[in-house]
Every structure is written in structure tokens, then in C-alpha cells.
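Go by the hints and put chain B onto chain A.
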Amino acid sequence: MSEDRKLEGRKIRIRVPVLARVEGEGALDLSIENGMLSELRLEIYEPPRFFEQFLIGNPAQDVIDRVARICGICPVAYQMSAVQALEAIYGVEPSLWAQAMRRVMYCGEWLQSHSLHIHLLAAPDFFGVNSAAELARLDAHAVRRGLRLQGLGNALIALFGGRSVHPVGVRVGGFHSAPSLVDVSAVTERLREARTEADELLRWVASWSLPDDNQDFTSLALRHPGEYPILRGRLVSDAGHDLPIDQFDTHMREFQAPHSTALHALLDDKPYLVGPLARLNLNADCLPDELRALLAEVGLELPSRNMFHSALARAAEIWLAVNEALSILQDYAVPDSPYVEHQPCEGEGVGCTEAPRGVLWHRYTTDANGNVKTARIVPPTSQNQARIEDDLRQSLLRLGLDKPEDELRLHGEKVIRNYDPCISCATHFLRLRVVRS
Amino acid sequence: MATSKPSIAVHKFSSCDGCQLAFLNLGEDLLQLMELVDVRHFAEAGILDEEADVDIAFVEGSLSTPQDLERIQQVRAHAKYLITIGACATAGGLQALRNLADAKEWVAAVYAQPEYIASLDKVQPIRAAVPVDFELWGCPVNGRQVVAAVRALLFGVAPIDAKDKVCMECKRQQAVCVMVARGEACLGPVTRTGCGALCPSFGRACYGCYGAAENANAVSLGMRMQGLGLPAEQIAQHFETTTNQSPLFAQATARWRGQHG
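Residue numbers (this note's numbering), protein chains in the order written: chain A, 1 to 437; chain B, 1001 to 1261.
Treat each hint with caution, since some may be false.
Only pairs whose alpha carbons sit at most 25 Å apart, straight line, appear in this in silico SDA-like list of lysine to any residue [as the list claims (entries may be wrong)]:
hint : chain 1 : residue 1 : chain 2 : residue 2
1    : A       : Lys373    : B       : Lys1080
2    : B       : Lys1122   : A       : Thr374
3    : B       : Lys1171   : A       : Ser177
4    : A       : Lys373    : B       : Arg1257
5    : A       : Lys414    : A       : Leu138
6    : B       : Lys1122   : A       : Gln256
7    : B       : Lys1122   : A       : Arg376
8    : B       : Lys1171   : B       : Phe1155
9    : B       : Lys1171   : A       : Gly162
10   : A       : Lys373    : B       : Lys1171
11   : A       : Lys373    : B       : Lys1005
12   : B       : Lys1163   : A       : Gly162
13   : A       : Lys414    : B       : Leu1048
14   : B       : Lys1122   : A       : Glu43
15   : A       : Lys373    : B       : Gly1258
16   : B       : Lys1122   : A       : Phe51
17   : B       : Lys1005   : A       : Glu134
18   : B       : Lys1163   : B       : Pro1231
19   : A       : Lys373    : B       : Pro1231
20   : A       : Lys373    : B       : Leu1230
21   : B       : Lys1122   : A       : Leu263
22   : A       : Lys373    : B       : Ala1232
23   : A       : Lys414    : B       : Arg1257
24   : B       : Lys1122   : A       : Ile377
25   : A       : Lys403    : A       : Glu43
26   : A       : Lys373    : A       : Glu389
27   : B       : Lys1171   : A       : Leu181
28   : A       : Lys414    : B       : Lys1171
29   : B       : Lys1171   : A       : Ser180
30   : B       : Lys1122   : A       : Glu52
31   : B       : Lys1005   : A       : Asp139
32   : B       : Lys1080   : B       : Ala1128
33   : B       : Lys1005   : A       : Ala140
It is worth saying that the hints were derived from the structure and are not from the lab. Since the model is a prediction, treat every value here as computed from it, not as a measurement.
So that you can see chain A by itself, here it is in the shape it has in the complex (with noise of 0.2 Å):
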């Protein structure tokens, strides 16, 4: 056999074992034939948790406690938008105060969340080493930094939940109980500590070298007129939508791809992305002035068609939330009742806010006794699904084909953990299989 033929009829599979650094289990699958990609599959093997299924039947706080644990790294995520939900069939408005501290509550979130993920998922990446315990011994301030971070994010979460994973706080029409003034300032004066190493944080994502590449893509966010997007707005996108929450899905559509069991999610038939990038390329003009001028001085343009910017935008999200948490609390006071009654009943209503890795709807019915009858649950890491097989596709060509299946797997896990994906009820993990014929 002459060498030209064993090439032609090479044949090779890998099975890289593991892709680390994902929140759950999914898998990568290649397929490459004579040096054209003729197959790519994000799989995603989350177990069905059957969550819908759990809150039929059931009472408002039952709801809010088990749509938490859905995700134990956005718990709060899941309570606010179930919350919402259910006040708008009520009829409920949570006070002024309740309204402010949810926004606190939910930058305690994303401060954690984003944390989390630039240091112990997201930087090994950019150095060359596996894990956030071995940047550590190369960088071990910054990596404390994004520690110390992440645990005010936790501490601003248990200020109105007790605990940082499945808080207890949120109720309907508010929450149970009012943080004290003693508890507050313990947290602000932190807070006030915490805006230099914010400012830090965004300069040290600023100095990665992250790739350039730049992509097509459709970004979708809420967008409410003078504040960055969190609990409340309307759905933009940069394709021209602007749509009422409760119209979203007349424009979004999911499926059941056979390869995954998180439901993918199309914006009239086509990709599209949620998440930090997504809402900063929408919402720069409604950032501080001070840090517009941080990302600008950093050579941040928005918006920007670099996928790879997402971790700024993290770091810029998480200076938002440091900021924003420390204005509202400045002020604090402590209510005469932390929540306002309500009355449950029948009905039918949307809630979705901004989850750290992007929007997050949630649509309930309930019977007279206010009670769920029907529950459906778009997250976003099923609206990103087929973003992220799109990013896959344009990065490997990018890179080249004929590069080493290590490259290659480096690569795709890289374009994947830069999205965060959060594949939270999973099993395994990301396995890598190319298939060259």
C-alpha cells in the first residue's frame, strides 16, 4: 500500500478524557473528513431532573425554594425570576426597598458567579496551567483577589438569603426578613474595600492576551431605560427585536436535539446569544461614566464581535456589581415590614431576569388557589447551545483542521468554558472524540 492510500483511508479516533473547568457534563464530537469538519456536536448528558414536573401543584414558596436548586452556582437567579412570575399573577408589587435590596441580592450573585468563573474556570486558559491552585503559585494575589471576591459576592447573597446556596429570604411580595443596619455596614465596609481590587481585577483580565476573533453573531438582553439590565426591562436584540417579556416566545422557539438534554433554543430560527457580552454590547450606554472610561482606557470597544471579550465583560460586570451594590447600601434602612401581603389566585405570568450567564424566563400558570398548574423554564445555557456549536465551527476553521488533535481540543474547550455553560445536573464530562476519515 502505497503511503498516499493509508493516509486516504486514516481513520482515527480520540477520545480526549476529560474537559475540566464546566459547571455538570457534556461532550464534544468531531468528525473530520479529508480535512473538512463534516460533524460537530456540543452534547449535553444533563439527567432529566424533571424541575417543571416538581412545581405542579405546588405553592408559591415551594416554587421559589425548588427552582433553587436547580442551580447551585444561580440560585438566586431562579428565585427572582420565579418570584416575579408569580407576583405578576397575584398582583403584587414588593416595595421600593424590596425592589432595591432584589438588585443587591442578585449583584451578590453575579459578583460570586463571575468570580468563580474568570479565576477557578476561565484563567488557567490564559496560563498555561490546569487549575486555579497552580495559577496560584504563580500569581497567588491575583488568584486570593478573585477568592476574596467571589466570598463578598457570597456574603452580600447570605445578607438576604442566610446562605449563599439555596438561600431562604425571598418571598412573595418581598422578602421574610430585613437585614439588620450592624450586618449591612459589616458588608458595606467591605464593598468600599472591594472597589480597588475591582478596578484591579479589570485591569488583570485587560493584560490576557485573548484571542481576536471576531464573529457574526445576535446578541439578546434585557434592556430597561437608565440602569444596567438585572430584575427588570424589555428583550433587545441587536437584529432588531424588542419585545415585551411575555412576547418573547412568539420569537423563540426551542427543540430536542437528539444529542443533548438541555433543549436548544433559536430567536426566529436562528442562534443566538444571552450572557455578559451579550448585555454589554446592549446596555453600554447605561454603564457609569467612570467605568466607561475604565473599559475605554482598556481598549474595550463596544459593542464587540470578540466572543474572547466575554471575560472582560465579566470583570466589568463584576465592577458594576461592587459599585452598584455599595450605592444602594449606603443609603439602607431597615423597613417597617420587609415584604408587602398578597393574595394568591389563578392566572397566568412571565418573570425574566438576567441570570449571571444571561436571560432567564420563566412562565407559570396557577389554579384559584394560586397554586402551580403548568411551569416552563428557558435557561440560558439552552439558548447559548447552538451560539456555541456556531462559535465551534467558525474557531476550528480558524485555527486550521490539520493542527494537532491537542490544539484542537484545547481550542474548542476554551471557546466552550468561555461561555460558562452550566450543564449543572450532568454526570460525566467533556469528552473530546474526533473522527478523521
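Just chain B now, kept in the frame of chain A:
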């Protein structure tokens, strides 16, 4: 690598990731922990060697797919001590609620093409498949619990098994009893301590995150709830906690569902 430090691994099964966060949320203590022990496998933290032999394997999550059953055997084979962390690993977790229903119907309700979904008929705790040396309860477990367990084993002693009731902790904190003062259906009298009596201190009823306490009397608590005017169905719902498959809560749920139906 030759080392005298004890080694640990953290494995994940079907879960929300929240109990692994007990490690990842330790802050700067996480770096100290990593100095004290040799972390051989912890995928989310970027340390990978699933088949490494370790002194302690921490396991998060419940068994819900046929592959899980094979993988847990491997985890057990490579670990001297196996410690489950959290409600999913110790009692099946919230997702074990599907054991009470027809899971196949549920798959059809959530997924358009149910034939793609491989799952076991019943969600199982780790103990159902392999011997477990120690169980840390909680939904979620917290950093204090996991660090205390590691510390105890570093000293060569068994970790302390906190089986007391939330009620006791609540009294020590001098929180106002939500059941006595406000007539709320609180699970504090039957739930294991560990959270610090969080819910009562927030003015709301305990909902059972830490599972059943030692010598708990769920029958009596159910009767008390009936006395508060709750219908049987609502009493059953109260026992459908994140540890709904722990025998005490499973029996209580069955009892009140039975009376309802």
C-alpha cells in the same frame, strides 16, 4: 508522586453543583485546604484523574442513569473512605420526587422525543449501590461541614455526626418559634441540625433541607399540622422535601397521601 499528605477526590453525579461549592466557596481557605491535602480529582476545579487512588472520595449527586451505576463502583474501588455530600447523594435529592410518579410519562411531558432520554426508573442515593463510610446531610452542605470532616479524618478520628434537631439549635439561638407563635407548619422538630436554624431566624418555617433527625416523630408532627388546620394533602407536601426519600419523610408523605386518596 510520593506524598505523605492525605489525598482526596470530589466526584459529581446528578445534582445542582451546589455541594461542590462548599469547597469552591471556601475563599482563601480553599488554597490552604489544597496545601493540607493532595487533591487528585475535582473536575470543576480543573484537577483530573478520575481513577486515582485516594484516601477520601467526596461524592455529590444521586444515581439516575445506567452509566452512574458503573461509575460509582469505580469511585468506590479507588477510595479508602467514601463520604457523600448533600441531599442528592445521601437521600436522592429533590429529583427523587419522580420516584413517586410515573417517570416515563414525565419524560414525555418535558421532551418531545423521549426515546433519546436514558434514565433509571428510580433515582437512588449512593448508599443504594455501594457502601458509604460517612454521610454529610444538607441541601446544600456548607463549608464548615466539609472542612470539619476533612479535619477529623486528618486527625485520624471519625467526624462528628450531628443528628440533633433544628428545634434545639433554634432554641439556643432564642429565635421565636414560628409554629407556636404563628401557627406555621415547621419541620424543625423532625429535621437534622446543621444549617444554624436559618429559616426560623428569618421568621419562616423550616422546610427540611438537612433530612430526618435522630429519634424524630413525624407522625406526631403531622398530627400537630392537622391540628393547625392543614388538609392531608398539604401535610404530605410538607414532607416532600429535598430529602423526600429518607425513610422518615417518605413514610410521612405516604401516610398523608394515603389518607387523602
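(Q) If you test the structure against every hint from before, which numbers come out violated? (A) 1, 8, 10, 11, 18, 23, 26 and 28
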